[in-house]
Amino acid sequence: MYGDLYTPLGPLKVLDIIFYYDGPRIFTCRNNSTEFLAFLVDELEKSDHWLFIPVSKSRVNEIKRGSKSIRDAITNAEDHLFEVHLPVTEGFKPTIDILCRGDVPDEYLPDEDSFAPLSTANDYSELQPKPSSAMEEAIESRRDVLDIAIEGGEEAYELSCRSLGETLTSIQYTLYSLDPRWTSNLRKPPVAVVEDNSANVTSLFESSFGIRIKSKKSANVFNITPATEAMNQLSDLLIHSQNHELLRQNIKEINPRAAQWYKKFLNSVQSTSGSLKFEWVSPNSGRKLDSLSKEQLNSAIELLAENTEILNEMNIKGKLIAINLKRNTFYIEGDDENDYSGNLSEQIKSIVLSGFTFEVPMEVNALIESKKVINTSTNKEKIFYKLLEVDTKPL
Numbered sequence: 002m003y004g005d006l007y008t009p010l011g012p013l014k015v016l017d018i019i020f021y022y023d024g025p026r027i028f029t030c031r032n033n034s035t036e037f038l039a040f041l042v043d044e045l046e047k048s049d050h051w052l053f054i055p056v057s058k059s060r061v062n063e064i065k066r067g068s069k070s071i072r073d074a075i076t077n078a079e080d081h082l083f084e085v086h087l088p089v090t091e092g093f094k095p096t097i098d099i100l101c102r103g104d105v106p107d108e109y110l111p112d113e114d115s116f117a118p119l120s121t122a123n124d125y126s127e128l129q130p131k132p133s134s135a136m137e138e139a140i141e142s143r144r145d146v147l148d149i150a151i152e153g154g155e156e157a158y159e160l161s162c163r164s165l166g167e168t169l170t171s172i173q174y175t176l177y178s179l180d181p182r183w184t185s186n187l188r189k190p191p192v193a194v195v196e197d198n199s200a201n202v203t204s205l206f207e208s209s210f211g212i213r214i215k216s217k218k219s220a221n222v223f224n225i226t227p228a229t230e231a232m233n234q235l236s237d238l239l240i241h242s243q244n245h246e247l248l249r250q251n252i253k254e255i256n257p258r259a260a261q262w263y264k265k266f267l268n269s270v271q272s273t274s275g276s277l278k279f280e281w282v283s284p285n286s287g288r289k290l291d292s293l294s295k296e297q298l299n300s301a302i303e304l305l306a307e308n309t310e311i312l313n314e315m316n317i318k319g320k321l322i323a324i325n326l327k328r329n330t331f332y333i334e335g336d337d338e339n340d341y342s343g344n345l346s347e348q349i350k351s352i353v354l355s356g357f358t359f360e361v362p363m364e365v366n367a368l369i370e371s372k373k374v375i376n377t378s379t380n381k382e383k384i385f386y387k388l389l390e391v392d393t394k395p396l
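According to the numbering used here, the sequence shown holds residues 2 to 396 in order.
It should be emphasised that the hints constitute simulated quantities derived from the structure, not laboratory data. There may be inaccurate statements among the hints.
[Unchecked claim] The calculated DSS-like cross-link candidates involving lysine-lysine, where the alpha carbons are at most 27 angstroms apart (straight line), are:
id : residue 1 : residue 2
1  : Lys-327   : Lys-265
2  : Lys-69    : Lys-58
3  : Lys-387   : Lys-318
Source: prediction; values computed, not measured.
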């Protein structure tokens, strides 16, 4: 019985059936202005006898959680009740009467223990349905709208504070990083990047756990916000995450910082054991939407984490400036005008532990291992040095 129910209260859209036996007996519904709890009192020869009780969202949640019985919801109604007879035979006209909560006859009421069967369900959600479509919201508010839904996690309709915080932070910094004005030589995003690409959470919704995010700034005369391009690029990353080749190409077109923050976003979703759905809509009606299964999430994360290692040994002449056994570090100023710092090999550590003292600074011939780590997706390189041997004889 989902759809419209025609009553003297106007067309009522059935929202959630709480109890069903040969038809819906208790359910929530709403007209243009009010949500009701509908309770079937009796089935008569010519009509069905109903009570329609106005209810708030919090009252509906109490009923579904089992903290308030159906009887209590009627006898302690939040407003006047409506007694309605709906025809089941031709020729009977529907009737409606207004009742005060204290005027409801006892024979109309269910038993004291009339609790909703759904109250013990583990998959019950306190989240409300999505307030409006992303398209409607984007056009009406003139802001970019990004709906993120984490589905089928360990706690389907809840998300831990840590996971929610990590998800929102990684989304925000991915948007910052996709702005080319945040260059690799800058440790923090410029003020203009933050101002233009900041986004706000405006609502949570049931889907299993849905998050609605909107650009902080509104659109210009061309219906484009300062964050539109970054959100468009983030949407492309999500879509391309289903295909290794497309994702690898996409990652190479953005800066490595954005790739790392995007990986953190996927990791935050992966930690919930859920899948991901998204929809982005701009005020100019641009729209992208898709979904990522758990397997696709895992595969994309693996690709973003792929590294290639290249090992090389080299002899360096220079000045040993510092060596620290406790911190497992060294620092050499090379005669080739390069500086070398990194970790100590087990051989060097054993020499120091045996009592040998390096009188720094000192001239040395050093054998150093160079390990170049290349992220195959971003082509970003990192070099790590390890001090293998040291010859302290005069040069």
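The hints, checked one at a time:
1. Lys-327 to Lys-265: Not satisfied, since the Cα-Cα distance of roughly 32 angstroms exceeds 27 angstroms.
2. Lys-69 to Lys-58: holds, 13 angstroms
3. Lys-387 to Lys-318: At roughly 15 angstroms apart (the allowed maximum being 27 angstroms), Lys-318 and Lys-387 satisfy the hint.
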